[in-house]
Amino acid sequence: MGMIEVNNLVKQYKGAKTPSVDDISFKVDNGEFFAFLGPNGAGKTTTISILTTTLSKTSGEVKIAGFDVEKDARQVREKVGIIFQQPSLDPQLTAEQNIRFHACLYGMCGYRPTFKMMPAAYRKKVLELAEIVGIQDVLFRPIKKLSGGMQRKLEIIRSLIHTPDVLFLDESTQGLDAVSRRGLWDYINDVRNQYGTTIFLTTHYIDEAENVDKVCLINHGEIAACCSPEEMKRSLLKQELVLDAEDRTTLTNELTALGLTFTVNGRVIVPYTESAQEIISRLQTKLTVLRIHEPSLEDAYVEFLNKTRRGAA
Amino acid sequence: MSELALTRKKSRIFRELNTVLTVAAREITVFLKSPGTAIMSLALPLVMMGMIGGNLMQNMAGDLGFDFGQFMLIGMLVTMLFMITTMGMTSLVDDHDIDFNQEMLVSPVSRYSLVVGKILGGSFAAIVSMAGTLLVGLLMGITLPLGKLLLVLALAPLMCLSGGALAMIFIGLIKNKKAANLAVMLITMPQMFLSGAIIPIASSSGVLLVLSRLMPMTYCLDLTRAVVYSGSAEYSSVVMFNPLINFAVIISLTVVCLVIGTLFFARSEKNL
Numbered sequence: 001m002g003m004i005e006v007n008n009l010v011k012q013y014k015g016a017k018t019p020s021v022d023d024i025s026f027k028v029d030n031g032e033f034f035a036f037l038g039p040n041g042a043g044k045t046t047t048i049s050i051l052t053t054t055l056s057k058t059s060g061e062v063k064i065a066g067f068d069v070e071k072d073a074r075q076v077r078e079k080v081g082i083i084f085q086q087p088s089l090d091p092q093l094t095a096e097q098n099i100r101f102h103a104c105l106y107g108m109c110g111y112r113p114t115f116k117m118m119p120a121a122y123r124k125k126v127l128e129l130a131e132i133v134g135i136q137d138v139l140f141r142p143i144k145k146l147s148g149g150m151q152r153k154l155e156i157i158r159s160l161i162h163t164p165d166v167l168f169l170d171e172s173t174q175g176l177d178a179v180s181r182r183g184l185w186d187y188i189n190d191v192r193n194q195y196g197t198t199i200f201l202t203t204h205y206i207d208e209a210e211n212v213d214k215v216c217l218i219n220h221g222e223i224a225a226c227c228s229p230e231e232m233k234r235s236l237l238k239q240e241l242v243l244d245a246e247d248r249t250t251l252t253n254e255l256t257a258l259g260l261t262f263t264v265n266g267r268v269i270v271p272y273t274e275s276a277q278e279i280i281s282r283l284q285t286k287l288t289v290l291r292i293h294e295p296s297l298e299d300a301y302v303e304f305l306n307k308t309r310r311g312a313a
Numbered sequence: 314m315s316e317l318a319l320t321r322k323k324s325r326i327f328r329e330l331n332t333v334l335t336v337a338a339r340e341i342t343v344f345l346k347s348p349g350t351a352i353m354s355l356a357l358p359l360v361m362m363g364m365i366g367g368n369l370m371q372n373m374a375g376d377l378g379f380d381f382g383q384f385m386l387i388g389m390l391v392t393m394l395f396m397i398t399t400m401g402m403t404s405l406v407d408d409h410d411i412d413f414n415q416e417m418l419v420s421p422v423s424r425y426s427l428v429v430g431k432i433l434g435g436s437f438a439a440i441v442s443m444a445g446t447l448l449v450g451l452l453m454g455i456t457l458p459l460g461k462l463l464l465v466l467a468l469a470p471l472m473c474l475s476g477g478a479l480a481m482i483f484i485g486l487i488k489n490k491k492a493a494n495l496a497v498m499l500i501t502m503p504q505m506f507l508s509g510a511i512i513p514i515a516s517s518s519g520v521l522l523v524l525s526r527l528m529p530m531t532y533c534l535d536l537t538r539a540v541v542y543s544g545s546a547e548y549s550s551v552v553m554f555n556p557l558i559n560f561a562v563i564i565s566l567t568v569v570c571l572v573i574g575t576l577f578f579a580r581s582e583k584n585l
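Sequences listed follow chains A and B, in order.
Taken in order, the first sequence gives residues 1 to 313; the numbers are from this note's numbering.
Taken in order, the second sequence gives residues 314 to 585; the numbers are from this note's numbering.
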C-alpha cells in the first residue's frame, strides 16, 4: 500500500469549461520524496488541496495512508502537514502563538495562555526547532514584523510540530534566499531521515527536486511523465560534450567528417548517447575546452515544456 | 535533532474542548491587541444606551406599567451581546483573506469546535460592551440588583452562542468584508426593533408578530427579563413566554443555526 494513492482523479471547478485536473493517477510510497512539477496553472495546487482535504474532488479515488480523503477526512488530516503556497499565519499573533495554536489544534498539548505556562516538552521542542531554522530571536515578535523568509521558516516549524507522516510543500521555499533555502532543506532532510516522513513537493526551483525519488510532470491537468529524475533526464535529453579549439573551423569540419551532429552556441556542443571517451579519442584537433555536461532535471523540465509547446503549435 | 517528547492526546473530547479553548483564546488575544476594537466595544454602549436609550426614556417611558429604564437596559444588554458577537464573526472573512481558515480547516478537529470557539472568543468583546452598557446605565441612574446581574451574566454565553450561530448562516458564506459588515446590520437591526429590545412588542400583530417570533433574540430577551423580573409585580407586563419555552426555543434555534452555518462555512471554504 502506498502512502498516497491517486486513481483517476478529476477536478472541474464550477463554471470552468475544462477540468483543472483531468483523470490523473499516481502513487507515492511510504517515506518517498516525491516531486510534482509543472508550469503555473498546471493543476499542482488543485491536486495538493484535494490531497489535504481542503478542496473537494469531482471524481476519482484519493487515499492517504489507506484513508479516503473524503470519507475519512479526519484521519487524513491527522497524517498530513502542509505548507501552503501563500503564508497562512495570523499576523496579529506572535510567531510562538502561531505555533501554539497549531500544536493545540493537533492535540499535542492543552492550551495555556502564555508560553511559560505551556508544558515543558512543548517549550523545549519549540525552542529547539526555532534554533535549527534560525528564528529563535524573533519567536516572540508579532508575525507582521517578520520578513517573508522568517515567516516561511516559522511555517515549516509549525507544519512539523505534530510530526506528520506526509508533508506537503506547495512552493514553500518561494521568496527565500539561497542560504535559507539550503538550511530548510537540510532540516527537512533530517526530519525525513529520522522519521521516514513522506515528502510531496511542488516547486518552481527545479534544482530542489534533483534528489527526489520520483518526479511527476503535470501539464494542463494531465500527467505527462512519472518516473525517477534519472529516467526523466535520459528520456528527454542526451549528455553533451562541450568542446572548443583555437581553430574552431577545423574542429567542426572534423566532427562533420566523423558523422557527429553538433551545435555551435558559444562553444561546440556535441550530444552523445554512448561513450564520450570514444569521441574524444577520435579527434585530432587540439582542444582548448573539453567538458562533459550532465543534463540537470531543470534541463529536462525545460525540454519537456518546450516539446509540449512545439506539440501544441 | 532530539526525539519528540510531545505526543498527541488520544481523548476526542479533550481535543475538541481544547480546540474550542484555543480558537476562543486566539480571538481574545487578537481583541486585546487591537485597541481600536476595544475602544469601539466600549464606545458603542455610549451611543446605544446613552443616546438612543436616553432619548427613548425621555419620550416613551410614560404609562407603560413598568420601569422602562430597566426594561430598556436589559434590552440593550442582550442587543450588545448579539451585535458584538455578530460583528466578531466577520473576522472569518479576515481569516479567509489571510488564508488562516485553511490552517484551521486542515486540522483534524470538528468544524463545530472551530465555529463554537470562534463565537465564544468573539463574545469576549460582547461582554466588554455589556460592561460598558451597565456603566452607562449606572450613569443614567438605571441599575440591576447584584443577584439579578449575576444571573444575566450567567446567561450571557448562551445569548452570544445564539447570536453567533445566527450570524454564521450569513457570514459563513460571505468572502467580502464590506458584504460581511452589511450582513451584521441586516442581522442585528431588525432584531433590535422587532424582538422587543427597546420597544415593547406585546401588542405586535400581523407580519411584525410573525417576524418577532422568528427572531432568536426575542426569546433571549424574554428569558433574560423572566430572570430579572421573576417575583416582581411587573413580571406579567414584561415577560411573554414561559422561561422553559424560551430556553427550549433558544437551544433549538442555536443548534439549527450552528449546524447550517457551520455547513455553509465549511462548504464555502472547500470550493465545491
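The hints are simulated quantities; they were obtained by calculation from the structure and are not laboratory data.
Mixed in with the good hints, there may be bad ones.
[Said to hold, decoys possible] Each computed SDA-like pair below joins lysine to any residue, with the alpha-carbon atoms no more than 20 Å apart:
hint, chain 1, residue 1, chain 2, residue 2
1, B, Lys488, A, Ser180
2, B, Lys323, A, Ala121
3, B, Lys488, A, Ala121
4, A, Lys79, A, Lys145
5, A, Lys144, B, Lys323
6, A, Lys14, B, Lys488
7, A, Lys144, B, Gln415
8, A, Lys145, B, Leu345
9, A, Lys79, B, Gln415
So, going through the hints one by one against the coordinates:
Under the criterion of a C-alpha separation no larger than 20 Å, the hint pairing B:Lys488 with A:Ser180 is inconsistent with the structure, at around 34 Å. Restraint check for B:Lys323 and A:Ala121: satisfied, since their Cα atoms lie roughly 17 Å apart, inside the 20 Å limit. For the proposed pair B:Lys488 and A:Ala121, the alpha carbon gap of about 38 Å is over 20 Å, so the pair is violated. The straight-line distance between the Cα atoms of A:Lys79 and A:Lys145 is roughly 32 Å, outside the 20 Å bound, and the hint therefore fails.
A hinted pair counts as satisfied when its Cα atoms are at most 20 Å apart, and A:Lys144 with B:Lys323 does not qualify at roughly 34 Å. For the given pair, A:Lys14 sits about 17 Å from B:Lys488 by alpha-carbon distance, which is consistent with the 20 Å threshold. At roughly 19 Å between alpha-carbon atoms, A:Lys144 and B:Gln415 fall within 20 Å of each other, so this suggested pair holds. Restraint check for A:Lys145 and B:Leu345: the C-alpha separation of about 18 Å stays at or below 20 Å, so the hint holds.
With a CA separation close to 16 Å, the supplied pair A:Lys79 and B:Gln415 stays within the 20 Å bound.
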